[in-house]
Amino acid sequence: MRSGDGQQRRAFLVGGALLCVALTIAASGHAEIDGQVFTSRAERVKVTIPKGFRPSELPSYPGVLLYLLRSNPEGRIIIGSEPLRQQLYCSWPAKCRETADSLEKKYACALREQLDKHHNVGAIQAGPKENSQAGLPSVWFEYTDGKRFVRLALAVNQRRAVTFVLTTASAADRATHARSFDQVLRSLKELSDVEALPVAPSPEAGVSDARAPEAAPAATPDATPARRGGARTSRGGGRRGARGARGARHATAPVVAAVRSFLSVPPGCALNGRWRPRQRRAMRPVTAAPLLPPPEECMLVGRAWPSSSTSSLGR
2 MRSGDGQQRR
12 AFLVGGALLC
22 VALTIAASGH
32 AEIDGQVFTS
42 RAERVKVTIP
52 KGFRPSELPS
62 YPGVLLYLLR
72 SNPEGRIIIG
82 SEPLRQQLYC
92 SWPAKCRETA
102 DSLEKKYACA
112 LREQLDKHHN
122 VGAIQAGPKE
132 NSQAGLPSVW
142 FEYTDGKRFV
152 RLALAVNQRR
162 AVTFVLTTAS
172 AADRATHARS
182 FDQVLRSLKE
192 LSDVEALPVA
202 PSPEAGVSDA
212 RAPEAAPAAT
222 PDATPARRGG
232 ARTSRGGGRR
242 GARGARGARH
252 ATAPVVAAVR
262 SFLSVPPGCA
272 LNGRWRPRQR
282 RAMRPVTAAP
292 LLPPPEECML
302 VGRAWPSSST
312 SSLGR
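When we follow my numbering, the leftmost residue of the sequence shown carries the number 2, and every step to the right adds one.
Please note that the accuracy of each hint is not assured.
Unchecked claim - Derived pair list, reagent style BS3-like, types lysine-lysine, alpha-carbon separation capped at 27 Å: (1) Lys148 to Lys47; (2) Lys106 to Lys118; (3) Lys190 to Lys47; (4) Lys106 to Lys130; (5) Lys118 to Lys52; (6) Lys96 to Lys47; (7) Lys118 to Lys190; (8) Lys47 to Lys106; (9) Lys96 to Lys52; (10) Lys118 to Lys96; (11) Lys130 to Lys118; (12) Lys47 to Lys130.
What the hints assert, rightly or not - Quick list of simulated restraints, FRET-style, between CB atoms: (13) Glu196 to Gly53: 22 to 30 Å; (14) Ser57 to Leu192: 17 to 25 Å; (15) Thr177 to Gln88: 32 to 40 Å.
Don't read these hints as lab results, they were simulated from the structure.
No residue lacks a Cβ here, since even glycine has one placed at the ideal position from N, Cα and C.
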């Protein structure tokens, strides 16, 4: 019983119960869903949602780009992304870093080392050639703990690592969803510098926002107390009207998951799961990632590996 309670508590935490999904309109420029195509400009990736799967608005944890669900049979696909920095690279076991394999195979080796302690892990398989052609070569492997059956794919280059995790309740269900998993993996594309630029707000949204302040007449300096009170009432009504107009736009506009850091609660999120709009900030300029150091220059400092949430996705 104690073991089962511990697993439930761990699953509760990993599921991100203390974190909410930051939802915003497509004009935010961070991410969007257009038909079956999901685009994250912040992480510079694009994928096509496979038929039969639906994007989920369930609570998640930072680092997840897209959370897909399907029933009959049940299955879920989690897509995440993280920058491939020196700290992550140097945290991989030495026997994985010091091989002549490609980056995606080294990363898979490191993950297998971690997962092999508590799971039955399969061999590493080469990913589809479409990923190599897109500049994000991939590998995949399967593992299970007897209760959950997982297929995990890694698409990696010198800038980022994109993870695809399929989880099901049985090996048969995993095999059923394997084709959809392969489709979304094949569809992965990395955005160019131009494609990663944020989308400008629509003209309609700009006109609506510009008209809102005009609804409140300004009070003159020499106004009488009655007139000043009336002006305050008018301004209050104008603010309430503007908030109502903005609320209507948020309710009808398409919603998307905002992509944020692995280690922080997304801006605009409240712990009670309610979304609070936040003023849009300009995206930081895209810069080239530094070259990874040679394996002999990595200095491990004894911290537990891995530091990211990638290995816990399928637990």
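Results for each hint:
no.: 1; hint: Lys148 to Lys47; verdict: 31 Å, violated
no.: 2; hint: Lys106 to Lys118; verdict: 19 Å, holds
no.: 3; hint: Lys190 to Lys47; verdict: 5 Å, holds
no.: 4; hint: Lys106 to Lys130; verdict: 15 Å, holds
no.: 5; hint: Lys118 to Lys52; verdict: 35 Å, violated
no.: 6; hint: Lys96 to Lys47; verdict: 33 Å, violated
no.: 7; hint: Lys118 to Lys190; verdict: 33 Å, violated
no.: 8; hint: Lys47 to Lys106; verdict: 22 Å, holds
no.: 9; hint: Lys96 to Lys52; verdict: 40 Å, violated
no.: 10; hint: Lys118 to Lys96; verdict: 16 Å, holds
no.: 11; hint: Lys130 to Lys118; verdict: 31 Å, violated
no.: 12; hint: Lys47 to Lys130; verdict: 17 Å, holds
no.: 13; hint: Glu196 to Gly53: 22 to 30 Å; verdict: 27 Å, holds
no.: 14; hint: Ser57 to Leu192: 17 to 25 Å; verdict: 23 Å, holds
no.: 15; hint: Thr177 to Gln88: 32 to 40 Å; verdict: 38 Å, holds
Of the numbered hints given earlier, the model fails hints 1, 5, 6, 7, 9, 11; all others are met.
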